[in-house]
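Engineer: We have chain A; now place chain B onto it with these hints.
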Amino acid sequence: MTEHILESIGLFIPEIILVAAFCAIIIFDLLLKKRTQVGGWILLAALLLCGIALAAQWGISSSAFFEMIVIDPFALFFKFLLVVSGVFIILFSMQNEELMPYKSRISEYYMLISGMMLGMFLMVSSTNLLMMYLAFEMTSISSYVLVGFTKKSIRSAESSVKYIIFGSVSSGILIYGISLIYGLTGSLNIFEIGAAMSAMESTPVFSMALLMVVTGIGFKIAIVPFHFWAPDVYEGAPITITALLAVASEIAAITMLIRFFRISFTGEDASGSFIMIPEGIRWDMLLAILAAATMILGNLSALWQDNIKRMLAYSSIAHAGYIMMGVVVMTDQGISAVMLYAFMYLFMNLGAFYVAMLFSNKFHTESIEAYKGLGYRTPFAAIAFTVFLVSLTGLPPTAGFIAKLYIFGAAVNAGWIWLVLIAGVMTIVSLFYYIRVARNMFLYKPDESAGPVRFDNATLAVLVLLLAPVLVLGLYFTPVLEFIQHSLAMYGM
Amino acid sequence: MELQFLGIGILTWILFLPVAGMILILLIPGERIQAIRITATAITGLQVILAAVIFRHFDRGIEGINSIEGFQFVEQFSWITVEAVPWFGRIEIFYFLGIDGLSVLMIMLTALIGLIGAISSWTITKQVKGYFALYMLLITGMMGVFLALDFFLFFIFWEVMLLPMYFLIGIWGGPRREYAAIKFFLYTFVGGILMMLVMLALYFSVAVPDPVTGELVHTFNLLHMMNPAYYVEGSLLAGVDTTWRYVAWMALFINFAIKIPLFPFHTWLPDAHVEAPTPISVILAGVLLKLGTYGLLRISFPIFPDGTMYFMIFMAVLGMISIIYGAFCALAQDDFKKLIAYSSISHMGIVVLGIAALNTQGMVGGVLQMFNHGIITAVLFLMVGVVYDRTGKRGLNDFGGLANQMPKYTGIAMVGMFAALGLPGLNGFVSELFSFLGAFEAYRWIAIVSVFGIIITAGYILWTLQRVFLGKTPEHLTNLKDLTTRELVCFIPLVILIILLGVYPSPAIELMNTSLSYLVQVVTVPAY
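Heads up: the sequence lines are chains A and B, in that order. Just so it is clear: in the first sequence, position 223 is 223 by our numbering, and no numbers are missing. Just so it is clear: in the second sequence, position 2 is 495 by our numbering, and no numbers are missing.
In isolation and in its complexed conformation, chain A is listed as follows:
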């Protein structure tokens, strides 16, 4: 018993580092009132340490704390993505002028981010429904506060309240679903649930429980029809938090969904090929319909947006739809496509949010119409923005194309032709709103009075850090694929 706990603590080092950072930020904030960015630096250091601790866990596949969480290559991959996105978000936050009026409280902001990171770490690695719920809540509650962090802005406060209300309802539905599953199978451990499932026949109650769990997690991913909070919250939140929600939290929730479905609801038949359990419930069809609806609504709504944050919010919803295609397939191929997509999506979406933030800092506008002529005033940032958006569209030779190719490929190979067709049509629709930004930047002349705008070197360095993977991975992605292949193994599969 004690031995197991000690062993588990040894596996829990990355999370412990985050907890330590959480405490350290509070203490240092009390000690050094004036050094305002200190929280950011502490968290940055903690994340880098955390990255090293994660690297030390390479290849481990084991469970900890009585199968509450697992440490496996699959979780490690997503933790790595979370760390990378966390590092970028902190770098962005240090430059975000929206946060400047709240300098005296800025350590709270970083503290909450570290809490959210911890929650997401647990989301990707938990294998017990109760633990999943706790992780889910930890992420949610931190993000409720973060969304409303710029509290003097009415929109921010409003979106925070909206988020809390919708979030609590969906958490309630999730826990209700969990309790039904517990009632049906007598266990909260997803491995045991999986074992119980394979012996079970489908019942309406069971379908309902499943639907409730999908609703709860779907809320976090922002898939249609559980997405209605997302545009308002994304628009109202500080842009760095929007990026965090649209990238990290979306990826973490999808990971949780994959692990839950993969372990509890799939199995192998006698010949060793992949089957769904219990028979009779077409949850893949349910997810496919949700994915299709998400792609359609996300893309069509993004067409009409003028606010860049809102447009990127809808575009994130649309991308959640593409990623869901891989979840629908659920075979190794589908999941590796999801992982590849998540990897590429991280850089291109963070990049797009970053340039949007820079523009909002410099030009104090979030309106796409106000971007006219910016391509001539700040060529490098505008070209980078174009590359990120082109990558989000999925045009070669960018990372986004490879990501889309793999997701589409997995779906084609699994026979989901109608779903791929919808995704194809929606990709064409998406071209229209992504290219609109590039059009405004380059196809119009700036005003005579407006001079060139320069960004400092640190900004350009961050931009290059984001730009390089988007371009390089579009042409050479062997290492990423190999990384994913090594990371596909889930504990207990």
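In short, the hints are calculated from the structure, not lab data. Even glycine gets a Cβ: it sits at the ideal position worked out from N, Cα and C. Some clues are possibly wrong.
Stated by the list, open to error - Quick list of in silico lysine-lysine cross-link-like pairs, DSS-like style, CA-CA up to 25 Å:
(1) A:372 / B:622
(2) A:445 / B:886
(3) A:445 / B:676
(4) A:445 / B:622
(5) B:886 / B:965
(6) A:162 / A:152
(7) B:676 / A:372
(8) A:151 / A:162
(9) A:103 / A:362
(10) A:151 / A:33
(11) A:151 / A:103
(12) A:372 / B:619
(13) B:619 / A:445
(14) B:974 / B:886
(15) B:619 / B:974
(16) A:152 / A:362
What the hints assert, rightly or not - Okay, the calculated bits of chain A under chain B, using three or more residues with CB under 8 Å as the criterion:
(17) 391 to 402
(18) 470 to 483
To be verified - Listed next, with one range per pair, are the computed distances between beta-carbon atoms:
(19) B:733 / A:130: 54 to 62 Å
(20) B:731 / A:276: 19 to 27 Å
(21) B:535 / A:478: 34 to 42 Å
Structural biologist: Then chain B, alone, in the frame of chain A:
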């Protein structure tokens, strides 16, 4: 057959020279306009020299099409390799270039038109650096499509062209450039997505045993996709004459038809042409449209011979409609550029009619027509560019009596226009004749109806000649300068080719005859 410079194959050189040029141009400070122009011209000039070397060393007797031995100057390197795992199999994508009789003429055309376009781009004065950087990228994209023998590579180059083209039309174009640019982008992107889906379906349907281990490896290799033996039993596109194969053929066809552009997918072309700056119109009509018919011949025909045979009459009918419809539309235009745009639709219809005949005459006629039309429309668009630069006008009714003022210009324009009309002795005649001969053999009535297109063509060309070059000179056109030396440099090689290939077309026909006869055989005599 291998040719290398500095240890790098000639095809890689000709393909990536423009990218090197783009980087060079980006390094030159934006104010040094002249240096940028000279760099661009020098790079495209080098490409022409390389193309000449290829022409000199190309073996006319090798078939190509579906076997790697048939290709020349082949370069094949593993590009993306991921070792096998049980659930995915090995992933392999090749950097695989090669040319055969089908592509060699297109390489020549791209290099030549690329140079001519670069020289005529000297008139561009706005954002010169950005312009030439995008221009270079565009050339690489086009060259890559003609060289690639791996579907993945082909697709990447196919899509790489879109963005430069969008900005080239969108930034440097005419008053409605924004609309024209996005229309072009959307149309071709629709096709691109369709092609991507077919590419994926083919990828998962085709698997080649590894020569050493014997494990099955999925592949993007176009040549393997042409071999029915490599299709995995029970996969989506396995078998012959299945519904899925027809669907895949149709999806590919729509993609290529948008690019050609074939009726009813042609509506983007007149807009794009009218708004694009002159050199971009030249590239667009001279090379870009040929990618469509080239794609049909390189991908649709040999990979889906069953679909091709099934839909051949459908293709021929669309070709016929394009010929007649394009010609009638041209007759109705009074904008010079729009007229040439519609005449392009009509002439590309002849290409489709020729290749849809699926016999050697038709095929040779079609491919030769691709080359000839590239040369002829380049002359025609440059010709419009000359008067547009001088007067800012393009309306056919704005001109008159130019023959008196600009004799050199008129002489060259006459050659171009008569070649477009199909006058014997000029190159257009040869290829049109072959195309119609082939078509007549295959579908008599379609060919007979199509030939009427020529009469309409004669109508609009002669009418244009009369309105622009003859008659009274309007007041505002009294002191126009004749061609400058730079303009003459653009025109002269093209005019020489028009006359040379009109009188003596054998050098061009010899290049492709073997490959195209073999392609006909591949399509019409099934391997199964």
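Engineer: Would you mind marking each hint as holding or not holding in the structure?
Structural biologist: Verification of the supplied hints:
Of the pairs offered as hints, the one joining residue 372 of chain A and residue 622 of chain B holds, with about 20 Å between alpha carbons and a cut-off of 25 Å not exceeded. Simply put, residue 445 of chain A and residue 886 of chain B have alpha-carbon atoms about 24 Å apart, close enough for the 25 Å limit, and the pair holds. For the given pair, residue 445 of chain A sits about 21 Å from residue 676 of chain B by alpha-carbon distance, which is consistent with the 25 Å threshold. For the proposed pair residue 445 of chain A and residue 622 of chain B, the alpha carbon gap of about 16 Å is at most 25 Å, so the pair holds.
About 17 Å separates the Cα atoms of residue 886 of chain B and residue 965 of chain B, which keeps this hinted pair within 25 Å; it holds. This hinted pair checks out: residue 162 of chain A and residue 152 of chain A have alpha carbons roughly 16 Å apart, not beyond 25 Å. Between residue 676 of chain B and residue 372 of chain A the CA atoms are separated by roughly 20 Å; this keeps the pair inside 25 Å, and the hint holds. At roughly 14 Å between alpha-carbon atoms, residue 151 of chain A and residue 162 of chain A fall within 25 Å of each other, so this suggested pair holds.
Straight-line distance between C-alpha atoms of residue 103 of chain A and residue 362 of chain A comes to about 19 Å, which keeps the hinted pair within the 25 Å bound. At most 25 Å may separate the alpha-carbon atoms for a hinted pair to count; residue 151 of chain A and residue 33 of chain A meet this at roughly 21 Å. Straight-line distance between C-alpha atoms of residue 151 of chain A and residue 103 of chain A comes to about 13 Å, which keeps the hinted pair within the 25 Å bound. Proximity of residue 372 of chain A to residue 619 of chain B is assessed by CA-CA distance (about 17 Å); at most 25 Å being required, the pair is judged to hold.
Simply put, residue 619 of chain B and residue 445 of chain A have alpha-carbon atoms about 11 Å apart, close enough for the 25 Å limit, and the pair holds. Pair hint residue 974 of chain B plus residue 886 of chain B holds up; C-alpha atoms about 15 Å apart against a cutoff of 25 Å. For the hint linking residue 619 of chain B to residue 974 of chain B, the alpha-carbon distance of about 23 Å falls within 25 Å, and the restraint holds. A C-alpha spacing of about 21 Å is found between residue 152 of chain A and residue 362 of chain A, which places the hinted pair at or below 25 Å, so the restraint holds.
Only residues whose beta carbon comes within less than 8 Å of a beta carbon in chain B count, and the segment 391 to 402 of chain A has 4; three or more means the coverage holds. Coverage of the segment 470 to 483 of chain A by chain B holds. Counting CB-CB distances below 8 Å, 5 residues qualify, and the rule asks for three or more. For residue 733 of chain B and residue 130 of chain A, the Cβ-Cβ distance of about 57 Å falls inside the hinted range of 54 to 62 Å, so the restraint holds. Checked against the hint of 19 to 27 Å, the C-beta distance between residue 731 of chain B and residue 276 of chain A comes to roughly 26 Å, which is consistent with it.
For residue 535 of chain B and residue 478 of chain A, the hinted distance range of 34 to 42 Å is satisfied, since their beta carbons lie about 35 Å from each other.
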